[in-house]
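Q: Sequence:
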Amino acid sequence: MSSPTSGNQETPQERPPRAPRSPASALFRRLFLFNGLVFATGLTTLALSPATVSSPVLLNELPILAVGLAAMLTANALVLRTSLAPLGALTVLMERVDLVRSSDRIPSSGNGDLVNLLDTFNAMLDRLEAERSSSAAHALAAQEGERQRIARELHDEIGQSLTAVLLTLKRVVDRAPEELRDELCAAQETVRASLDEVRRVARRLRPGPLEDLGLISAMNSLATDFSALSGATVTRLLDSRLPQVSGDTELVIYRIAQECLTNIARHARASRVELSLRAEGGAVVLRITDDGVGGPIREGAGIRGMRERAMLIGADLDIESAPTRGTRVRLTVPIPEPVRQPIPDTAGPVADDP
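So in UniProt numbering, spot 326 of the sequence shown is number 326, and the numbers just go up one at a time.
Hints are computed from structural coordinates only; laboratory data are not their basis. Any given hint could be a false lead.
Calculated lysine to aspartate or glutamate pairs in the DMTMM-like style (CA-CA distance at most 25 Å, straight line) [stated by the list, open to error]:
(1) LYS170 with ASP156
(2) LYS170 with GLU157
(3) LYS170 with GLU144
(4) LYS170 with ASP196
(5) LYS170 with GLU197
(6) LYS170 with GLU183
(7) LYS170 with ASP182
Please construct the entire structure, taking both the sequences and the accompanying hints into account.
A: Below is the structure:
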């Protein structure tokens, strides 16, 4: 015989989880309760104290009312100032925040009812920085791929075509009459100069020394090309014993150095440049300084691209420039600590005594 409670036994419906209280409602409740407590305290004090209020109010009663009102206003102002103080820091951060330059955050500890708001704002900045970093990584990867494609086409198609023209002109010069040789030689030199320029452009687009010989050789080649192009003297302080970094990090360092030297050649009118790449503490530091005209920094596409590249590898880019004192660029790339592998236990299990 079955129990009357067996079979289709009804279970009580689970209550939906209560929605968390919003920061606005929490702050309103706190201020409402505190103001109510202040007014209740003042009313109780007035009711239990020997002080009385006449109608109309006498002159000797005005100081008592003024003191009570001042005490309530002071307490109310203190709680409002304490509760709303983080909003000022939040406003300042919202005005200066830059997802490329830095990762400023507001400490949310000890801010009462606004902790949830500040945590949400910090989480929003983290999410936006992650999304921008991801999109910048895809854009820069596409840019590097396009540069390599253009460099291959310049080398394989235009370079080969110019080489064929150069060889043809050489055969023509050998068989040409004397009165035409000067003009043909001039054309031959023009084609040779164009071929050299195509090769230089291809090297700038695709850093062959970086892929084949490493970062230090690529930096030396970059400094040599810059000195030949601009006529400025380049002092090289390149440490050949740099710690091992990833290929992406080496490419970022090379591209930032390339952009800096390009800007110096175009705008600085410098006669001396110092290119330094060394290990300092737990970081690899790239410094590029010049004695050019300096002046205010206008952050165009070039500097913006440098900051985006630095952001991809977690590096810090600092640019200082003063009129007639040149420009100093410093890139600090942190070196990740190596992960220590646990030492395997090769002793094996210990046998129990018989």
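Q: Each of the hints needs a verdict: does it hold here or not?
A: The hints, checked one at a time:
With a C-alpha separation of about 21 Å, the suggested pairing of LYS170 with ASP156 holds against the 25 Å cut-off. Restraint check for LYS170 and GLU157: the C-alpha separation of about 20 Å stays at or below 25 Å, so the hint holds. Annotation: proposed proximity of LYS170 to GLU144 is violated, straight-line Cα distance about 37 Å (limit 25 Å). With a C-alpha separation of about 17 Å, the suggested pairing of LYS170 with ASP196 holds against the 25 Å cut-off.
About 20 Å separates the Cα atoms of LYS170 and GLU197, which keeps this hinted pair within 25 Å; it holds. Simply put, LYS170 and GLU183 have alpha-carbon atoms about 12 Å apart, close enough for the 25 Å limit, and the pair holds. Pair hint LYS170 plus ASP182 holds up; C-alpha atoms about 12 Å apart against a cutoff of 25 Å.
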